[in-house]
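Novice: For reference, the chains in residue letters:
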Amino acid sequence: MSLCAVLGAFVAACTDNQSNLVLSGDCLVQEFEVAGSGAEIDRTAYTITVQVPEDTPLDDVEVTKLVLSDGAVADVVQGAHLNLTVPRAIQVTNGSLKQVWTVRVKVMQTQILSFTLGGFNGVIDQAAQTITVYLKEGTDITSIKPYITVSEGATVDGNEVSADFTSVRHYIVKNGNALRDYTVSVVLWSTPKALYISGSARESELNMEERTAYEWMKANVPMTAFASLRDIADGTTSLDVIDLIYWHCAKDNGALDGHDPFMAYVANAVGCANNMDALNAAVFNKLGAYYSEGGSMLLTRYATILPPFIGTSIDAGGGWMDTWATPNNCWQARNEDDPELCGGPWTFSIYGDNIGHPLFADLVGGGTATVYCTDKDYGVTNSVVCYNHAEGWSEYSGANGYNHWNERVQGRILGVNDPGNGNIVAWEFPAKGGAYGQGGIICLGTGCFDWYSARTGAEYKENYHRNIARMAGNACRYLMGN
Amino acid sequence: MRYNIFSYNRQTLATLLVGALAGAGLASCSEDTYTPDPDRGWESTTDVFVPTDETGFSTYYNPAIGTCGDPMPYYDQKSGEFRILYLQEFAQNTESYHPMWLLSTKDCANYTNLGEVLPAGAAAEQDAGVGTGCCVYDAEQETYYIYYTGHNAACPQTEAVMRATSTDGLHYKKDMVWMLKGAEYGLSDTDFRDPQIFAGDDNRWHMVVSGKLQFAEFVSDNLQDWTLAESFGMPWGRMSECPDVFKMGDWWYMILSDQDKYGRCIKYFKGRTWAELKNAVKNAWFPNADEGKLDSRGYFAAKTAGNGQDRYIWGWCPIRYGADIYAKNTSVRDDVEPAWAGALVCHRIAQKEDGQLAFVPVPGIASKYGKSVQPVVVEQTEGADFDGMNGRISGFGMVRFSRLGYHNHISMTVKTRNAGDKFAFCFVRGEHKDGEENKWFQMGFNNQHWESGKSNLCRVEFKLEGNDAEGRYFDQFVNGALSNFVPRPADNTYNIDIFTDNSVVVVYYNNVLSYTTRIYGIQKNGWSINSLGGEIEVSDLKVTQY
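Protein chains in written order, with the numbering used here: chain F, 1 to 482; chain H, 1 to 546.
One thing to keep in mind: the hints can contain errors.
[Said to hold, decoys possible] Ranges between beta-carbon positions, derived for each pair:
1. H:Thr190 x F:Asp181: 38 to 48 angstroms
2. H:Leu170 x F:Leu179: 40 to 50 angstroms
3. H:Ala327 x F:Glu459: 49 to 59 angstroms
4. F:Ala35 x H:Glu184: 15 to 25 angstroms
5. F:Thr155 x H:Thr190: 29 to 39 angstroms
6. H:Ala229 x F:Ala35: 30 to 40 angstroms
7. H:Ala229 x F:Thr155: 44 to 54 angstroms
8. F:Val123 x H:Glu184: 30 to 40 angstroms
9. H:Ser367 x F:Ala35: 55 to 65 angstroms
10. H:Glu184 x F:Asp181: 29 to 39 angstroms
11. F:Val187 x H:Ala275: 38 to 48 angstroms
12. F:Asn403 x H:Asn283: 34 to 44 angstroms
[Stated by the list, open to error] Listing some non-contacts, in silico: residues in chain F with all C-beta distances to chain H over 10 angstroms:
13. Thr116
14. Lys136
15. Ser151
16. Gly317
Keep in mind the hints are simulated off the structure, nothing from the lab.
A virtual CB, placed ideally from N, CA and C, is assigned to each residue, including glycine.
Input sequences plus hints: build the corresponding full structure.
Specialist: If you want it as structure tokens, here you go:
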């Protein structure tokens, strides 16, 4: 047999051997929709990304459109139902060709995250898709500019465009083909429901620490007004219809170190004599009556010294108000304009089994017993009001110190400055004769709870500090029964 | 004509190369004058041979490619056969892995592979990795259901229970909507696997799922809509998987696979009712003297199926890795099982009056090994007096026999003189080359264990033994290759059956012990019966093969 014959035989065999493979068609998905929502089709990666509104139930969605290239068939047909809580594959075949496409869902977020009008943040009900903005009577709402933030990737028409809010307006958030229609209404109020109070006579005299807290409250707690202690003392501001009082008492040049300095501060603020009778008559009895009738209070920094003066702590033997159940250790390390820069985030520890307490909900770095309050290079005055637990310090020290605190102060410990131990820096009182929460009092004396920094270091970047506002918001909702 | 390519001599090879240069077709056209190698002298020699396993095992089933993962047996009333779904494992899986393949068998000794019936999902899908489940047939709906595990760590939940349906048990359609997720019931979304369905005495369907350190029980009236009934803890709080629940006689049983590093094996629990059985499981009320253990570390992920008369169990005996047969046989340790998946080993389940279970030989397998082979004694040492089928061995005497085949059934009765007289079988026996270590594997019957409370129990132990080049004895105990403890015979009489299919070895005695393991190299090598210090009487020695 010659070599040529062998080669010839091979050539012949190749000529005769016709392939049965059918390779002429394509296995393309050209159009795809589920539940009426379209998809991005990537013909390189063979992926189909369906964009659906966030309220679409994904565990059973119908394929409402499936268009394939000519001659192709798929193992999923139009009208089929898929569980798209997980990615799904579609096999498309055409003749001898097969291609697997992966279907994924991209939930298109369409939420309004904040809606600010005239410096006031609207109250957003995501389920009802309504926003209510509470503005002071007299505000011109015929032409007012809203500032709106929305979900990542979403857009909203009318942001920063002046509009007339004398009647309800609609703002539609769009993301891909998903959209959500919010109804925005403005409520004009004349009588406040919440007060931010201060030892300063006027808003303009608030120091920056107090002012920052006030600005936050005004923007976020509807129908908030300012009142000085003197306004309350002289009856200019009635507490009759008030649900919530917030007092963030901050000062420079030394701490209000407990019972006596606090009395002196208040007497000076309201212009009365510095003795219990005069102070009771001027202001403590009014605040005591407010508390007794179900009013709630958020008290931070030196304001946390107030509660025993208004009846939170009753002597077990005599039945009188134990005004000396006040915090027994207060200090200020630096003035506001010369702050101490934090070496890292400053924290305090949640006491006992209070990790699930509403005060600590949704905090950055939350879910553990550590509450992060500042960030590296944030400037603090390190102003602290606490019940000192250090051995030998006081009646609240040592193994039985916390129990003694419970018996005498008659509140609930929420936070301490060392894990599982340490000075009591956060606590609460129940509503007078009632339960914790609505009508109660929350006190945050920790030096970590700091609203304003006059100076920050080079490496400062806000991460945990937003927890101050979150805790304040949590406290307000908790105390108002929301 | 038949020839062996390795028998070509140098001249032949040169010719072949010339032919290849001229044209690929030439060689086959040339006249072939070559003769094969002479047959190996299997009967006349006793030197050690290094065999390899066959491609595919037919008794202890192993597919031609890859190995068998978790079996899911059921009795198919329509065909009158046992059907065994299994997870097809390849040496190198792709992103989509462990599709379910299906076997059928009438005698539990010969299998027909019906191919893939449930493919793994695409790489992004929940069932990119298919995990264990079960198959149930709803006669009213004439529908087969496979409930199975979808495993994909890239999905919102690593594991979920999924299902597929079929009208013929061969062609399945996955349910693209239904999915059971542990997190929706406050259970784990990382461990939520191995659904097993059974019909309860309450005429409802029950499904048991392996969650994280607890089993979840779901109930259904239609095999489609499931509600959570309860969760109950796993015994000793150890992760257990592949639960199988069944009723046999008056008893309810759960068989599970304990994943514990040291305690890895299958275990069982029993109860007069399903409620009592659950109590036994969560409180670790063990039914036997060895923590409910069955068989050995070499038998895992086993599940059962019954045909109304007999119940059988299928599990996998893992392959073992190593550079040679000695490394393979010693690679199993008591804290590491070297491989997932292997050969499918079937036992018949025997039930005692008190409800205890044991695994016993499968009649179909015993029948399959039908070719009788006369064992030839090639060596007897001092203390041994053996005539071929019967004899007595005392002290450390030994009787060595000629080579085994690839598939062997060795049976005999061993009676020990005293309860604690130990004995053993040694395999892969033969002379090594001069200057090499002379080594073999000993399967010893330890019938007087030192552990407290176990002196009346017996277990089979495994070790490498040998003599070094200077003739000094050495041994290496293989911790992970032990059987569980079973009762020692009161009359000191052991009726022993040993079945081998390639490297898979299964040992039984007296309907109390089953011991599944691997001995690579057992084929085509000699073996021996050894007395280990006492005295034994051996009778009715038989070797059959196929």
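Novice: Starting from the hint 29 to 39 angstroms, judge whether the C-beta atoms of glutamate 184 of chain H and aspartate 181 of chain F obey it.
Specialist: holds (30 angstroms)
Novice: Could you say whether the range 34 to 44 angstroms given as a hint is met by the Cβ separation of asparagine 403 of chain F and asparagine 283 of chain H?
Specialist: At 39 angstroms between Cβs, range holds.
Novice: So does threonine 190 of chain H sit 38 to 48 angstroms from aspartate 181 of chain F, Cβ to Cβ?
Specialist: holds (39 angstroms)
Novice: Between alanine 35 of chain F and glutamate 184 of chain H, does the beta-carbon spacing fit 15 to 25 angstroms?
Specialist: holds (21 angstroms)
Novice: Quick check on a hinted range of 30 to 40 angstroms for valine 123 of chain F and glutamate 184 of chain H, using CB atoms only.
Specialist: Hint holds: Cβ distance 32 angstroms, inside 30 to 40 angstroms.
Novice: With 49 to 59 angstroms as the target window, see if alanine 327 of chain H and glutamate 459 of chain F comply at their CB atoms.
Specialist: Holds - the Cβ-Cβ distance for alanine 327 of chain H and glutamate 459 of chain F, about 57 angstroms, lies within 49 to 59 angstroms.
Novice: At 10 angstroms, judged by beta carbons, does lysine 136 of chain F keep clear of chain H as stated?
Specialist: With a cut-off of 10 angstroms, lysine 136 of chain F remains clear of chain H, as the shortest Cβ separation is near 47 angstroms.
Novice: In terms of Cβ atoms, is chain H entirely out of 10 angstroms range of serine 151 of chain F?
Specialist: holds (20 angstroms)
Novice: For the range 44 to 54 angstroms, tell me whether the beta carbons of alanine 229 of chain H and threonine 155 of chain F fit it or not.
Specialist: Distance hint for alanine 229 of chain H, threonine 155 of chain F holds at roughly 48 angstroms.
Novice: Using Cβ atoms and 10 angstroms as the threshold, tell me whether glycine 317 of chain F really stays out of contact range of chain H.
Specialist: holds (49 angstroms)
Novice: Determine whether the Cβ-Cβ distance between threonine 155 of chain F and threonine 190 of chain H falls within the hinted range of 29 to 39 angstroms.
Specialist: Holds, since threonine 155 of chain F and threonine 190 of chain H (Cβ atoms, about 38 angstroms apart) stay within the stated range.
Novice: Is it true that the C-beta distance of serine 367 of chain H to alanine 35 of chain F lies inside 55 to 65 angstroms, as the hint says?
Specialist: Check passed, 60 angstroms falls within 55 to 65 angstroms.
Hint 11 from the earlier list is the only one contradicted by this structure; the remaining hints agree with it.
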